[in-house]
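2 protein chains.
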Amino acid sequence: MKKSVPLYMISDSVGETSLKLVNAAAAQFPTVDFDLSYRFPFTKDEEELKSILSDALKDSAVVVTTLVSDNLTQIVEDFAERTGLQYINLMSQFMDIVHQKTGVAPLQQAGVVHKLNQEYFDRVAAIEFAVKYDDGKDAKGFLEADLVLLGISRTSKTPLSMYLANNRIKVANLPLIPEVPLPEQIKAVPKDKIVGLVIEPEVQKKIRMSRLNSLGLAENSRYSDINRIKEELDYALGVYDELGAFTLDVTNKSIEESATLICEHLDNFL
Amino acid sequence: MKKSVPLYMISDSVGETSLKLVNAAAAQFPTVDFDLSYRFPFTKDEEELKSILSDALKDSAVVVTTLVSDNLTQIVEDFAERTGLQYINLMSQFMDIVHQKTGVAPLQQAGVVHKLNQEYFDRVAAIEFAVKYDDGKDAKGFLEADLVLLGISRTSKTPLSMYLANNRIKVANLPLIPEVPLPEQIKAVPKDKIVGLVIEPEVQKKIRMSRLNSLGLAENSRYSDINRIKEELDYALGVYDELGAFTLDVTNKSIEESATLICEHLDNFL
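So the protein sequences, as listed, match chains A and B. Residues 1 to 270 (full-length UniProt numbering) are what the first sequence spells out, left to right. Residues 1 to 270 (full-length UniProt numbering) are what the second sequence spells out, left to right.
Check each hint, because a few of them may be wrong.
[To be verified] The following label-pair restraints were derived from C-beta to C-beta distances:
hint, chain 1, residue 1, chain 2, residue 2, range
1, B, LYS101, A, GLU179, 54 to 62 Å
2, B, GLY216, A, GLU179, 36 to 44 Å
3, A, SER153, B, SER214, 31 to 39 Å
The set of hints was computed from the structure by calculation and includes no laboratory data. Nothing here was measured: the structure is a model prediction, and the numbers come from that model. Glycine included, C-beta positions come from ideal geometry on N, C-alpha and C.
Starting from the given sequences, assemble the full structure and let the hints guide the process.
Dropping the structure here:
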């Protein structure tokens, strides 16, 4: 039987940091069954916090907190000391070091990371841009984009575009199909802004079969035929070569990994 | 003069957890100027790690690591002990507690969080869904969606849809305009799946003016007129009432905050 560990994530804001950490760390224990359903965002009330901690103790949970208020942090600390509850305070160690280094005291105000500032507007604009210029919908986008993603069908162009847009990069993407001529505009894009995605044919076949399956279609179509996939990839590689594109192999990479590698590439040029 | 603190984020994978933490914690020190440009993803080589640590020490930086390998963690620990470098290891404390609680040793393999599993496919499908059914493009989407977002122009429907899609929720959104009749399909959507966004008129005005500005248009159009905005909001509230929609005030909320509140609402019904 799998060992089961409930994880309590308590935050006075959204609690995204805890969730990221817990997902990353939990992946290191594939035989442990973590229960990630105990999320307590926007926890600001002391009594509410105490009651969550009591439940966590009963459940023998691991507690991860992102609390910016000293009061709340102290409650967790006192409770843990009294009861032996195991917890990790992600925020306080960082804040203590900065406080000590700079002499500046932290605000202790929850949710201040999110403001209606230029960064927010740029992010919204980039997301709207990526939606508008997804899938080669409008060739005008290539000339306005910070980045143009090329790839054959099912190389994660759309999710990658959205992920990068969330980081305020304006992305246009274009599916490559051997039978469809390239839009002229693409040739006017500086080559450092073009990223061509490639993927191992066998992995691509698996992804396309899953796609067909989810659409309720037969899995033995030309779309998932390994020779057709190789033909498409050959064509794509020719295009990347012609355009001088930066080529990225997305095989077995997550959206986050691919996006990080693309950002590293862009940093070298922008 | 603002105090300046360089932050080194070192990860053997993407390093998203560090970035989330650092952004959240840095917001607590508005008078400190954090330099977040020192990101070192995919750090797996011992010599490379040592050289990054030496640079961090020279820069008098705060170091945040997310390393799953004991070897690399030990190198950071030894270095810090020898030199006094201040660092936070986000991963190891969590992994130690789980190890101790379950007796299961962590894999220590970087990047295992990201797999080509059903979760990945569902996420890609949800993102593609959100792009396809953004902005009321196709009324069919309302009936297939897990969630329908309604709101007047500039209430963050698109970024919210994409954020939720990234969490595998299929979202369709529809802009509400008093002069445009509602699509019939919306009336067939169960009310628990409908979320209506509202916003304070003055804040909306500011957002719309910024939008006009970014489009290079005059800021005094009807679009940013406070009376027009109030008229649109009145109409929207009438629609929410008629449909029995869950109403969410997005004023001064970040995408993350609004999305978290929507997920809490959905959790109560799904």
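Hints versus structure:
As the Cβ distance of B/LYS101 to A/GLU179 is approximately 57 Å, the hint placing it in 54 to 62 Å holds. Distance hint check: the CB atoms of B/GLY216 and A/GLU179 are about 39 Å apart, consistent with the given range 36 to 44 Å. The hinted range of 31 to 39 Å is satisfied by A/SER153 and B/SER214, whose Cβ atoms lie roughly 33 Å apart.
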